[in-house]
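Visitor: Spelled out, the chains give:
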Amino acid sequence: MSQLTLVQAVQDALRCALDADNRVILLGEDVGRNGGVFRATEGLQERFGADRVVDTPLSESGILGASVGLAANGMRPVPEIQFLGFIYPGFQQVVAHIARMRWRSQGHYGLPMVVRAPFGGRIRAPELHSESTEAYFIHTPGLTVVAPSNPYDAKGLLLASIEFPDPVIFLEPMRIYRAFRTEVPEAYYTVPLGKAELVKVGEDVTVVTWGTLVRETLEVVHQLERDKGWSIELLDLRTLSPWDEEAVFNSVHKTGRVVVVQEATLQLGLAAEIAARVGEECLLDLEAPVTRVASWDVPPPLFQLEDWHAPTAQRIVNGIERVMIY
Amino acid sequence: MSKKVDEAPTKMDEASSMTQNTGDSTVNKEQIPANPETSVPQDVSPELLQFFYKQMVFIREFDRRLLRLQRAGRLGTYAPVEGQEACQVGSAQAMREGDFLVPTYRDSGAMMLRGFPVSSVLLYWNGRLEGLQIPAGVSVFPLAIPIASQLPHAAGIAWAAKLQHKDQVTLAMFGDGATSEGDFHEAMNFAGVFQLPMVFFCENNQYAISLPVSRQTATETLAEKAAAYGFSGQRVDGGDVLAVYRAVRDAIAKAAMGQGPTLIEALTYRYGAHTTSDDPTKYRTEEELASWRQQDPVVSFGSRLRQWGLWGDAQEQQWQAQVQEKLIQAVAVMEGSPPARPTDLFEHVYAQLPPRLRAQKAALEKEVAQARGGVQ
Ligand SMILES: Cc1ncc(C[n+]2csc(CCOP(=O)(O)OP(=O)(O)O)c2C)c(N)n1
Ligand SMILES: [Mg+2]
Numbered sequence: 001m002s003q004l005t006l007v008q009a010v011q012d013a014l015r016c017a018l019d020a021d022n023r024v025i026l027l028g029e030d031v032g033r034n035g036g037v038f039r040a041t042e043g044l045q046e047r048f049g050a051d052r053v054v055d056t057p058l059s060e061s062g063i064l065g066a067s068v069g070l071a072a073n074g075m076r077p078v079p080e081i082q083f084l085g086f087i088y089p090g091f092q093q094v095v096a097h098i099a100r101m102r103w104r105s106q107g108h109y110g111l112p113m114v115v116r117a118p119f120g121g122r123i124r125a126p127e128l129h130s131e132s133t134e135a136y137f138i139h140t141p142g143l144t145v146v147a148p149s150n151p152y153d154a155k156g157l158l159l160a161s162i163e164f165p166d167p168v169i170f171l172e173p174m175r176i177y178r179a180f181r182t183e184v185p186e187a188y189y190t191v192p193l194g195k196a197e198l199v200k201v202g203e204d205v206t207v208v209t210w211g212t213l214v215r216e217t218l219e220v221v222h223q224l225e226r227d228k229g230w231s232i233e234l235l236d237l238r239t240l241s242p243w244d245e246e247a248v249f250n251s252v253h254k255t256g257r258v259v260v261v262q263e264a265t266l267q268l269g270l271a272a273e274i275a276a277r278v279g280e281e282c283l284l285d286l287e288a289p290v291t292r293v294a295s296w297d298v299p300p301p302l303f304q305l306e307d308w309h310a311p312t313a314q315r316i317v318n319g320i321e322r323v324m325i326y
Numbered sequence: 001m002s003k004k005v006d007e008a009p010t011k012m013d014e015a016s017s018m019t020q021n022t023g024d025s026t027v028n029k030e031q032i033p034a035n036p037e038t039s040v041p042q043d044v045s046p047e048l049l050q051f052f053y054k055q056m057v058f059i060r061e062f063d064r065r066l067l068r069l070q071r072a073g074r075l076g077t078y079a080p081v082e083g084q085e086a087c088q089v090g091s092a093q094a095m096r097e098g099d100f101l102v103p104t105y106r107d108s109g110a111m112m113l114r115g116f117p118v119s120s121v122l123l124y125w126n127g128r129l130e131g132l133q134i135p136a137g138v139s140v141f142p143l144a145i146p147i148a149s150q151l152p153h154a155a156g157i158a159w160a161a162k163l164q165h166k167d168q169v170t171l172a173m174f175g176d177g178a179t180s181e182g183d184f185h186e187a188m189n190f191a192g193v194f195q196l197p198m199v200f201f202c203e204n205n206q207y208a209i210s211l212p213v214s215r216q217t218a219t220e221t222l223a224e225k226a227a228a229y230g231f232s233g234q235r236v237d238g239g240d241v242l243a244v245y246r247a248v249r250d251a252i253a254k255a256a257m258g259q260g261p262t263l264i265e266a267l268t269y270r271y272g273a274h275t276t277s278d279d280p281t282k283y284r285t286e287e288e289l290a291s292w293r294q295q296d297p298v299v300s301f302g303s304r305l306r307q308w309g310l311w312g313d314a315q316e317q318q319w320q321a322q323v324q325e326k327l328i329q330a331v332a333v334m335e336g337s338p339p340a341r342p343t344d345l346f347e348h349v350y351a352q353l354p355p356r357l358r359a360q361k362a363a364l365e366k367e368v369a370q371a372r373g374g375v376q
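From first to last, the protein sequence lines are chains A and B.
One point on numbering: in my numbering, the residue at position 115 of the first sequence is 115, and numbering is uninterrupted.
One point on numbering: in my numbering, the residue at position 297 of the second sequence is 297, and numbering is uninterrupted.
Take these hints with a grain of salt, some might be off.
[Stated by the list, open to error] Taking lysine to aspartate or glutamate and the EDC-like style, the derived pairs with C-alpha atoms no more than 20 Å apart in a straight line are:
id, chain 1, residue 1, chain 2, residue 2
1, B, Lys366, A, Glu321
2, B, Lys282, A, Glu42
3, B, Lys282, A, Glu46
4, B, Lys366, A, Glu306
5, B, Lys366, A, Glu46
6, B, Lys366, A, Asp297
7, B, Lys361, A, Asp307
8, B, Lys361, A, Asp297
9, B, Lys361, A, Glu46
[What the hints assert, rightly or not] Coverage of chain B stretches by chain A, computed from C-beta distances (three or more under 8 Å per stretch; other residues unrestricted):
id, segment
10, 207 to 214
11, 362 to 369
Think of the hints as simulated: they come from the structure by calculation, not from any bench.
Remember, it's a predicted structure, so these values are computed and weren't measured experimentally.
Ideal Cβ positions, reconstructed from N, Cα and C, are used throughout, including at glycine.
Could you build the full structure based on these sequences and the hints that come with them?
Guide: Take a look at the structure:
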């Protein structure tokens, strides 16, 4: 056991995967010699060689398209997209091919591959380094979308993703890459895909979130419990597609109130889907309308205003109050 | 044939002023003597030669000031220019009035030469939306962050000029790494097929973050890629402002005469980190950096000017003082800007704010008041 940050846990998972399975290769921009712009692949090229930790040309379509071929022909590629906002040149490969190859070949070519990308904002970076566009991928049939919120899960979910027979979009919350440490076992372990984590048990309201916002939301939850005496349940989805409907519905059956907090812009985000499903399945449990807390429906701004774009603590408080005082 | 001499702008002290040049090429490349030119060049006026130097000094000082501001926490991530001044001055200065510039994040120098305000560049890296505002009459596109994505735009801008019979040439800037993206190849192909009045100006600074050009392409040069699209490409010493200027001037003249696009690969080097979040010692050596520094574009052109009798200590001192004054003023504009208003998030997303966004804006106003009033 050691105390690792989230980015170190990612690196540790990649080390374990490269060790365990020689079909695994890492590829991407600056992942080799430089060890990745966030140092997520630091030291791995030295250890496993330049054939397994590969610096590619600056070409997302090339990286992702070649990964399709690598995966179809016996390898287990783990391509890195430097920031989620730079996946667009390779978007065709993701939605037209990566997501569909199993279906298109009627089961003949599964694509065991994991596309890693840092996502989310509020690190004072330039434009397009702050995207929370998980919904594009959640919307695309054939993809599995994962977003850890802490170091322990990051390692276990990444190893589970690499073992998984189908393509996974693995979104790493860059704002908390180094924000805190947790115990992370040195050994190989997995955290199951498709299972939410119950971060905190409560009776009055269910709050659902993922990624960066889990920790920030937990702080708000603690504060509201102290100030208002409410009992709040917090779920971390961990896998965004397919998300854990059972965990959410069970919680809503108990509490009758639900708030979904996302860093993505509001319209057609995952929160909208959760609200729709809760409406379909839990209508008679509900004491208040399902409420979404999200970024405004405008582009992520340059950094001076980014904290007002993403959900603020105040916005989360307002969302929870709305359903509690309905 | 009468020799035309390219003149410096009249308002010499303005970083935003630009040179007028008629565009017809007077110098045949074979006639350009090998460096160092021992005699004063005949095709460029002494004032313009001085202007080149002054602008390079300005950009260098500007860049160093921004790095200091970044370290002091006043700016976000910043992509420094030092080492590439000759590329930016030589190319932007070869543009004619009304020509269009399509820059990247590393081209603040060229942007300022084309009329983008110094204080706006500061505000941009200071994370202010105001830094995105483009003054009327300035034909500069917003700097592109996604690599190579601006190149098809440049092709479209040039195409529009051609369709409307405008006497306008578009200069698109990009790095060596950009040549690996599909957008580069697609833009080059459009330019070739539609014979667009444009110049592809590649600042080959040897690296795309950590990756050397040799890992980016298996061709020997980037310039030769133009052949695949049916037009000419050439390499130029990107450390020599005069060489860059002449190459771009001639390419613009060619484009303006309807003879289509040109790819120019300027060989250069960034002295600093890729951005302020990068550590270049991870991927390149001190010796390599030192060898490029020996041919410093600013220092070497300064000594040529002195050799030609066009520059001296007094002028140097005077210009340095003017540069510092300009920078102080620009920093004052940045520091003096009123705090950003949260509701500015909603500005300019659409020409007219849809009702849904009006409601969100009102909700944000309330949220700000609550948060500032400490109300919970
Ligand atoms: C589409 C895209 N992918 C990745 C990045 C991240 N990135 C920013 S700069 C850069 C290297 C660019 O190298 P080059 O084109 O040579 O320009 P330079 O920075 O050297 O001026 C990379 C990979 C990006 N901005 N856009
Ligand atoms: Mg470069």
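Visitor: Going back to the hint list, which numbers does this structure go against?
Guide: Hints 5, 9 contradicted; others consistent.
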